[in-house]
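Chains as they are written, first to last, in our numbering: chain F, 12 to 170; chain S, 3 to 362; chain E, 16 to 200; chain P, 1050 to 1404.
It should be emphasised that the hints constitute simulated quantities derived from the structure, not laboratory data.
Just to be clear, a hint being listed does not mean it is correct.
[Claimed, not checked] Quick list of in silico lysine-lysine cross-link-like pairs, DSS-like style, CA-CA up to 30 Å:
no., chain 1, residue 1, chain 2, residue 2
1, E, K190, P, K1219
2, F, K63, S, K276
3, E, K133, P, K1219
4, E, K116, E, K53
5, S, K276, F, K47
6, S, K205, S, K186
7, E, K133, E, K184
8, F, K141, S, K205
9, F, K167, E, K190
10, F, K47, S, K339
11, F, K66, F, K47
12, F, K141, F, K165
[Claimed, not checked] Derived CB-CB ranges, DEER-like:
no., chain 1, residue 1, chain 2, residue 2, range
13, S, G179, P, K1399, 50 to 60 Å
14, P, G1085, E, V41, 52 to 62 Å
15, P, L1091, E, A47, 30 to 40 Å
16, S, D183, P, I1390, 29 to 39 Å
These numbers were taken from a predicted model, which means no experiment stands behind them.
For glycine and all other residues, C-beta sits at the position ideal for the given N, C-alpha and C.
Residues per chain, in single letters:
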Amino acid sequence: MAEITACSGNLTGLEIADALSKRFAEGIKINSASPKRIFSQVDKEIFLELCKFLKNDLLFDHASLVSGVDRIDRIQAVFHITSYINNCCLIEIVVDLDHEEPEIDSITPLWEGANYHERETYDMMGIVFKGHPDMRRIFLPEDTRFYPQRKDFKLKEVP
Amino acid sequence: MADMWVNMGPQHPFNHGLWNLRVLMDGETIKYAEPILGYLHRGWEKSMENRTYPQIIPLSDRLCYGSSMSWSHLYCMTMEELFDVEVPERAEYIRVIVLELQRIVSHLLWLMAFGVDLGNLTVMLYVIREREMFLDLLQSITGARMTYNYPRIGGVRNDLPPDFERDCIRAMDYFQGKIDDYEKLCDGSKIFRIRTEGLGVVKPADAINLGLTGPNLRASSVDVDIRRDDPYSVYEEFDFDVCTHDACDTYARYRVRMDEMRVSCDIIRQALEKIPDGPVRVKVPRNAPKKSVVARVEDPRGEGMMYVVGDGTDKPYRLSVRSPVFVYVSAANHMLKGHKIADVPSVMGSIDMCLGETDR
Amino acid sequence: MNDNPNAVAMNSKDFMKWSTEVIDDVLRATQAKKVLDKLMLPFWNWSQRNSMYPLHFGLACCALEMAASSGPRWDAERLGIIYRSSPRQCDVLLLNGWISKKVRPALRRLYEQMPAPKWVIAMGECSISGGPWYDCYNVVQGADTFLPVDIYIPGCPPRPEALIDGFLKLQQKIKAEAKGPFLED
Amino acid sequence: MELYTFIEGIVVWLVSIVQYILNVIGLHGLSDWLGGADIIRLLTYLGQALIVFLVGFIICLTMIWQERKTLGRLMDRRGTRIGPLGYAQQLADGFKTFLKEIIVPERAWTSGYNWALIILIASSVILVGIIPLSDGWFLSNTPAGLLLLFAVFSLAPFAILIGGWASNNKYTLIGGMRSAAQLISYEVPLLLSTVGVILLAGSLSFGDIVAAQDKIWFVIPQIIGFIVFMIAMNAEVERIPFDLPEAEAELVEGWGTEYGGLRFGLIMFAEYLRGYAGAAIAAILFLGGWNGPFLPPELWLLIKVFIIFFVFIWVRGSFPRVRTDQILNLGWKWLMPLAIINLIIAVAFKMLGWF
């Protein structure tokens, strides 16, 4: 018999969204919530605290994806975190960052699985994750000057 | 012997794909392992921003060449969520059939590589033989051997060929006997057991924390399957087991995959029984709405995920991919530390590497 | 060296040099090299044709077709295509997949490590011309930008039949080139 | 007919022709010198060496062919098909290597790199000279033939270690170290398992050992010894599952990674020569050597050799490779005690007077 079984917890996405908005009244904006999905927008200041709350109290145990989106005027860091125990619920956390110096707290100390995703996001988008153990480029060579995923980096035009 | 760094790659027979494992060794014991990626990096996500939505489907096949179908299906599924279209039921059933066929092919590919890693070429050649059979089946549906370009946004490209059900059932019957053969060749051999048991142990809590997913997570005694827990397509219609194993080692990962092939055969049989009639494709608009969606599937290798931002044009604003193997690579040090260098192929082979989706 | 070489009074290096030169002179003067080449050429050529060892090296998608081609259905070993892992022991560098800028120096080095009569096969669109990644910032647009490619096998990915056909084409090419045992003359 | 007398006849005939010509010219002194017993013996030995080596060469090629075809069939393929029944593949492989460029790695220790190979090839070729194909077909029939053979056999780890170290490559270094550890630790059970046979036969000479198996093959009283011998010999000739020094999955090509071209061809050849030697010793010690009805004795030995080699190939086709520590465990903890038990059995048989 398996030691850990998914969906053995009792919280659904709606309850989790409630708990989050109760705990972080100011900084979080829940865009939509369903039993399996929560979409939220979070302030940069409370982000790390929110992640700790997610991990310790709401049993979110798996960092699925860390990525970034270049919105021209700002850069968004996007985190997808799953709770296997609680209904396999997936929460999307979008954090707006400054375009010139995008910096955010790393979640690698909480979820080891985010390690390479954060390195990749740094490599591709230039978002610096504070507290990451090994913040280096992962795909491109160390001396690359550009961040390819940013919108100001244009691919060559082919007719 | 003093400590020394050994570069296992980029050209090394053990890395199926193209990556470099830098290993710090004390004699033959590994003290530290550092994966170096990026040898297959081609900027997939960036160049997709230059393509229209339908153009991306064949390219998403090339994400992971071991299981092309599941990636193009994931892409189409994400897009259906973005465009908010309903897929006809027959198309969903066909998708389940081809996905499970692809899962078998992918696991066979893994077993083939694993056989080479352990030094047993016979396993590899037997597995190639049966893999051809499934490739023929997929070829009869899609016309291609590896990169299928088959799912479409809002359905699938074409219906099943005539007599497909008969061929498929016949192949399943034949193949289930062959799985027993593989087990005789592998489990039955004492050397295979001592080469796999007790290696690369990842405890359940560690496994979740390290971000392992899919068969590797289930082999670490965690009962998770996105097909069951977060159902997509028509997977809630089927009754299937989620294979887990308690040993948490290389052997467990081998066992889980072997069992999953049987389960996949089972799902295909059910799908062939239940498949309804009807159309297989609907029309979708050309331009996407301004919103972002996320979808995830149970890829043969683990949790595949795509995050798409649409901006109202016919090209995606941002397309981000979660590749399961990318995360497994980061667990290399955890798995390899303290083992011998001879265990590197055995352990890294057991997690099913596919570098196309890792480097993107 | 002395004007009048005397084999007894020379040290070993000088002797080797002197004797090689003498033998070379004799061979050249008597046209023996050409005669030997002509006589033995079919045989050497046959052996080169029928024993092409490709490097066991997979880049991307086409590597799976490479594996399939050595499987029971196609069985490339029939034609003497046996995969070796060390570049020192190979004759054919099989490029199967896209070539990123990070792997290009490694590939060039692999090519340099192979001993002299060596051939390069570009398999699949990506290594022929960059293929679907025509606009990517990190993909080399074709293997022939940095390696002398002998055979191109188009396809994305080519089927195993096409790979074997490519090897047969390479056999024809080796036959046409027809280099004898004294390769440089 | 003995090989020596056969060759001697040919040599005497050839020498007499030359003598006749010399006499016609008038070089009577040279002609007499040529006809002397010493010269005849020398020429006979040279001719014999040539013949034995050629036969060994052909056997070796046949073994490579046998391995390719059998392995192909075990893996549900056809194997090589160049030439009649695929036999010419080995020739193509071999002669191709003559044309390859000779590369010595820039920072390798050149003399070590070259000498290691020479030692390996030489020791392997000497093996062919020592092994008799019958009581007439041999180069040297020393009373301690078996001892000499094992002494030459155990030279290889030395060469491999030096070659691995001299190549200046980490994989070759690890391969060389592995090879040394493995071959030295398997030497002991290998020799211990043969001691039983030597006791029963009461001699170290091949002829006596085979003659002692006239009534019953030693495989029956010495079954444990036979099993130990086969496993240890499989390890000694470095074949899967014990091919750690050239473990492809982890060490690229092991200690031979940096050897290319002709050197690589010679290494392959030496490996199969050692494989032939291993199979031949097993046949001589345990399977009655060249004893057998109807067919000539040489053929009988070869049949047995190929059967034993088939078992080696079969094992190669069915097992994965073991790990370094496991192989040493197996050698010291299992094969050693088994070999000693086998020795005790042999002593018991001898004391009971059954042999």
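Hints and how they fare:
For the suggested pair E:K190 and P:K1219, the alpha carbons sit about 38 Å apart, so the restraint of at most 30 Å is broken. The straight-line distance between the Cα atoms of F:K63 and S:K276 is roughly 45 Å, outside the 30 Å bound, and the hint therefore fails. A threshold of 30 Å between alpha carbons decides the hint, and for E:K133 with P:K1219 the separation of about 25 Å falls inside it, so the pair holds. Of the supplied pair hints, the one linking E:K116 and E:K53 is violated, its CA atoms being roughly 44 Å apart against a limit of 30 Å.
As the CA atoms of S:K276 and F:K47 are separated by approximately 27 Å, the hinted pair is consistent with the 30 Å bound. Distance restraint check for S:K205 and S:K186: the Cα-Cα separation of roughly 28 Å lies within the 30 Å cut-off, and the hinted pair is therefore satisfied. Among the hinted pairs, E:K133 with E:K184 is consistent with the structure: their alpha-carbon atoms are about 15 Å apart, no more than 30 Å. With a C-alpha separation of about 28 Å, the suggested pair F:K141 and S:K205 falls inside the 30 Å cut-off, and the hint holds.
Between F:K167 and E:K190 the alpha-carbon distance is near 42 Å, which puts this suggested pair outside the 30 Å criterion. At roughly 37 Å between alpha-carbon atoms, F:K47 and S:K339 are farther apart than 30 Å, so this suggested pair is violated. Distance restraint check for F:K66 and F:K47: the Cα-Cα separation of roughly 17 Å lies within the 30 Å cut-off, and the hinted pair is therefore satisfied. Pair hint F:K141 plus F:K165 holds up; C-alpha atoms about 28 Å apart against a cutoff of 30 Å.
In this structure the hint that S:G179 and P:K1399 lie 50 to 60 Å apart at CB holds, the actual value being about 52 Å. Evaluation of the 52 to 62 Å hint for P:G1085 and E:V41 yields a failure: the beta carbon distance comes to about 35 Å. Range check, P:L1091 to E:A47: about 31 Å between beta-carbon atoms, so the 30 to 40 Å window is met. The hinted range of 29 to 39 Å is satisfied by S:D183 and P:I1390, whose Cβ atoms lie roughly 36 Å apart.
Violated hints, in rising order: 1, 2, 4, 9, 10, 14; the structure is consistent with all others.
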